[in-house]
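Assemble chains V and X onto chain H, guided by the hints.
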Amino acid sequence: MDIVLQQVGYLYAKDSPFEKRALRDVNATIPSGSYTAIIGHTGSGKSTLLLHLNGLLKPSEGSVRIGSTLITSDTKGKALKDVRKHVGIVFQFPEHQLFEETVEKDIMFGPMNFGIPEEEARSRAHELIELLGLPPDIAQKSPFDLSGGQMRRVAIAGVLAFNPSVLILDEPTAGLDPRGRKEIMELFHRLHEEENLTTILVTHSMEDAARYADQVLVMHDGTSVLSGTPEDVFGKAEELASYRLGIPRSVRFQRDFETLTGKPLGQLALTEEQLAKEMAVVLKEAGGRK
Amino acid sequence: MIQSGVVELKEILSLEHVSFTYASEDVQESRKALEDISFTIREGEWIAIVGHNGSGKSTLAKLIIGLLFPNEGTIRVFLEELGEENLWNIRSRMGIVFQNPDNQFVGSTVQDDVAFALENNGVPFEKMVPRVHAALAQVKMESFLDHEPHHLSGGQKQRVAIAGALALEPELLILDEATSMLDPQGRDEVIRVVEELKRQTGLTVLSITHDLEEVLLADRVIVMNQGKVLAIGSPAQIFERGDELEAIGLDLPFSMKLSDSLQKEGIELNGNHMSEEELVNELWTSYFNK
Amino acid sequence: MMEKMIFGRYIPGHSFVHRLDPRSKLIFVFLFIVAVFFANNTATYAVLLAFTLLTILTARIRLYFLFNGLKPILFLVAFTLLMHFIFTKEGPILFEWKFIRIYEEGLRQGIYISIRFLVLVLMTTILTLTTSPISITDGMETLLNPLKKLKLPVHELALMMSISLRFIPTLMDETDKIMKAQLARGSDLTTGSLKERIKAVVPLLVPLFVSAFKRAEDLAIAMEVRGYRGGEGRTRYRQLDWQWRDTIALVIFGLLLIALLWLRS
Numbered sequence: 001m002d003i004v005l006q007q008v009g010y011l012y013a014k015d016s017p018f019e020k021r022a023l024r025d026v027n028a029t030i031p032s033g034s035y036t037a038i039i040g041h042t043g044s045g046k047s048t049l050l051l052h053l054n055g056l057l058k059p060s061e062g063s064v065r066i067g068s069t070l071i072t073s074d075t076k077g078k079a080l081k082d083v084r085k086h087v088g089i090v091f092q093f094p095e096h097q098l099f100e101e102t103v104e105k106d107i108m109f110g111p112m113n114f115g116i117p118e119e120e121a122r123s124r125a126h127e128l129i130e131l132l133g134l135p136p137d138i139a140q141k142s143p144f145d146l147s148g149g150q151m152r153r154v155a156i157a158g159v160l161a162f163n164p165s166v167l168i169l170d171e172p173t174a175g176l177d178p179r180g181r182k183e184i185m186e187l188f189h190r191l192h193e194e195e196n197l198t199t200i201l202v203t204h205s206m207e208d209a210a211r212y213a214d215q216v217l218v219m220h221d222g223t224s225v226l227s228g229t230p231e232d233v234f235g236k237a238e239e240l241a242s243y244r245l246g247i248p249r250s251v252r253f254q255r256d257f258e259t260l261t262g263k264p265l266g267q268l269a270l271t272e273e274q275l276a277k278e279m280a281v282v283l284k285e286a287g288g289r290k
Numbered sequence: 001m002i003q004s005g006v007v008e009l010k011e012i013l014s015l016e017h018v019s020f021t022y023a024s025e026d027v028q029e030s031r032k033a034l035e036d037i038s039f040t041i042r043e044g045e046w047i048a049i050v051g052h053n054g055s056g057k058s059t060l061a062k063l064i065i066g067l068l069f070p071n072e073g074t075i076r077v078f079l080e081e082l083g084e085e086n087l088w089n090i091r092s093r094m095g096i097v098f099q100n101p102d103n104q105f106v107g108s109t110v111q112d113d114v115a116f117a118l119e120n121n122g123v124p125f126e127k128m129v130p131r132v133h134a135a136l137a138q139v140k141m142e143s144f145l146d147h148e149p150h151h152l153s154g155g156q157k158q159r160v161a162i163a164g165a166l167a168l169e170p171e172l173l174i175l176d177e178a179t180s181m182l183d184p185q186g187r188d189e190v191i192r193v194v195e196e197l198k199r200q201t202g203l204t205v206l207s208i209t210h211d212l213e214e215v216l217l218a219d220r221v222i223v224m225n226q227g228k229v230l231a232i233g234s235p236a237q238i239f240e241r242g243d244e245l246e247a248i249g250l251d252l253p254f255s256m257k258l259s260d261s262l263q264k265e266g267i268e269l270n271g272n273h274m275s276e277e278e279l280v281n282e283l284w285t286s287y288f289n290k
Numbered sequence: 001m002m003e004k005m006i007f008g009r010y011i012p013g014h015s016f017v018h019r020l021d022p023r024s025k026l027i028f029v030f031l032f033i034v035a036v037f038f039a040n041n042t043a044t045y046a047v048l049l050a051f052t053l054l055t056i057l058t059a060r061i062r063l064y065f066l067f068n069g070l071k072p073i074l075f076l077v078a079f080t081l082l083m084h085f086i087f088t089k090e091g092p093i094l095f096e097w098k099f100i101r102i103y104e105e106g107l108r109q110g111i112y113i114s115i116r117f118l119v120l121v122l123m124t125t126i127l128t129l130t131t132s133p134i135s136i137t138d139g140m141e142t143l144l145n146p147l148k149k150l151k152l153p154v155h156e157l158a159l160m161m162s163i164s165l166r167f168i169p170t171l172m173d174e175t176d177k178i179m180k181a182q183l184a185r186g187s188d189l190t191t192g193s194l195k196e197r198i199k200a201v202v203p204l205l206v207p208l209f210v211s212a213f214k215r216a217e218d219l220a221i222a223m224e225v226r227g228y229r230g231g232e233g234r235t236r237y238r239q240l241d242w243q244w245r246d247t248i249a250l251v252i253f254g255l256l257l258i259a260l261l262w263l264r265s
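Protein chains in written order, with the working numbering: chain H, 1 to 290; chain V, 1 to 290; chain X, 1 to 265.
Chain H extracted, bound-state conformation (with noise of 0.2 angstroms):
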């Protein structure tokens, strides 16, 4: 399911005293089956886009084109739920989302929302808590009587029980310690490829939108300022400075590295793992140690 932007607008509060512009002329395109990262700044506009990816928020100018469906300015209600059906968000702290008596009712709601008959959407909710990794027993408990981490795996189910075939990730790491932090991006990678999905990513963290994105969108300022490959966009490092915007460590340690020695590396090492590989290459030709 491609999903692709087309000059973009929208305005916060239209015809008020209030009003407020927060997206200007967006333009992309997100290809079905790609990872996509969306980076910016605070403010830059970013979490209003993705309000846009699933029609929670209609553009006040342009259109958002959603496999077959067109939405402008004027896409009634019905439509927009169908297209919810096919693209899931996991917000920022998705916990908070959790209301019902049990864990199992709780990954239900959405399913049983979208026309899902109850019998798949229980079947369905015993096999997410398994592919999460969360203890079976688990589903006749209260989602209030979890821990943090749990919380959030069972919030996560919730999403991908209506098996939507695009998801976005709004931060889903926020608060996480770094292992739990780890384990839910890996948890997301391993979806993506088993399931087939399209995955948008919207993160503060280069170092993730690197290591697990093939698409990356630069929002600033409320418009898409810069897309390419994660290689393409962090090769731009002056340019992503400008956006206030950093680089990936292991780009920075490969500049820093290219500065001192003199020796370019073979390519722009987007993880820890491929620029000791680069590294090792040049310190090998570089004839060992002394």
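Bear in mind the hints are in silico, worked out from the structure with no lab data behind them.
Here are the simulated DSSO-like pairs of lysine-lysine, each with C-alpha atoms no more than 30 angstroms apart in a straight line: (1) H:K105 to X:K195; (2) X:K177 to H:K58; (3) H:K105 to H:K78; (4) X:K199 to X:K214; (5) X:K195 to H:K85; (6) V:K32 to V:K228; (7) H:K14 to X:K71; (8) H:K58 to H:K14; (9) X:K199 to H:K105; (10) V:K62 to V:K198; (11) V:K198 to V:K228; (12) X:K214 to V:K32; (13) X:K180 to H:K78; (14) H:K58 to X:K180; (15) H:K284 to H:K236; (16) X:K71 to X:K180; (17) X:K177 to H:K85; (18) X:K71 to H:K78; (19) H:K182 to H:K85; (20) H:K76 to X:K177; (21) X:K177 to X:K214; (22) X:K180 to H:K141; (23) H:K277 to H:K263.
Chains V and X in isolation, oriented as in the chain H frame:
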């Protein structure tokens, strides 16, 4: 730090064999949240307490600020044993910043919030005004006097919370996961402010965190795991035990992870490096500087 | 829809009205509400309307801004007017078309009531537009201070009010976020039968309550460790300052009252 023969600095906080168990109706569930914790913090130190979620570090924080009392052992703050009777007096001598920036902002504007603790402690109006202004200047928020909390970023709110603590001229500043809900920029702002404070006033800082940068800035690190102290030492000493730390879910500095990956690629190094600079320098001197 | 309303909002500024002491503004508005009921003829209503317009100008609020922001309430005013046209059947008929008849008394009553409603809404809106919620709370606390002798928890009530006001935007944001999260999970708040719609509110209310309680708990701890132990022995950072302009405002009000009493029939 403290060496024998040198005059010992004043003790600020000391825990001796502290244990704590949460009361639970279910006897089997009542596991010791903290077991036999002992350490001492002296004037002017910056201490980081690290551990993954559930390691007992937040219970430890609650004991130090007197929200809970130990079942066994004693806690001494400013050389007095912490108890119900001297609780208010001791609290008025320390400042605490919590995790959620929104849930600790009591005042309706920045200056009201900073004045809150002063009002509670009966500081007369004439003295309050200069202290509020001075505290806000220390966190570089003096131009935000009349701003309302919902117009501030997370980092700004936390800086206001620090100012609120500073206004009382505390002898100990406790940061209880104060940066864990912030975006990278907010985290940076807060860390820079604390660093600056530390340099200018020599304030004693206790930060409970899983942020790597905060750990590296500390004079000493206390690593918690499963309710016990796993290690105490300087960041360099702590990170020497790299694998052990990774096993309990803590992050390692980028340069260490890279050293590790380089060694896997067959590049010889003199041990692991704590800073990127050190690593680059070693590579330069041993491979290129012929 | 809600973000467009200005009723109950505060817009910072430096006009004469903005700089008045909240106590004088509160007394002023309270007495004005009473005074409105003295009006009973065209002259007195005209004075009220003129006076209100004058206050708006003094507060330097743009009329367009005010009326645009109060649209929903203006509809209510128009509705009141219409109801009077239709249901008051006294006096000579002024206008007749098919089954619609408008009587003179209906027209007069309708206009009077609408003006009354309008000036009340405008005056209270000016109060909140020009006075920060915290100043209103401070003003009230000071004005109600004598009631402490009657064991009324004036300080606690004022603190409760200021904290509630402080958390309104936070909770509004929170509601918006939870609503979006549930909408994304296929929840539907706008269609279906009444029963279905009530059921659809549960996924919204439960998380909102859970989070509000969590916030309350955090806040209580934060207040406790910052030394809050009730009103006893507390000093105040906010000082109210009654100035000449406050006295002038009340004198002007006295003149309005005299005019109303003199002109009323």
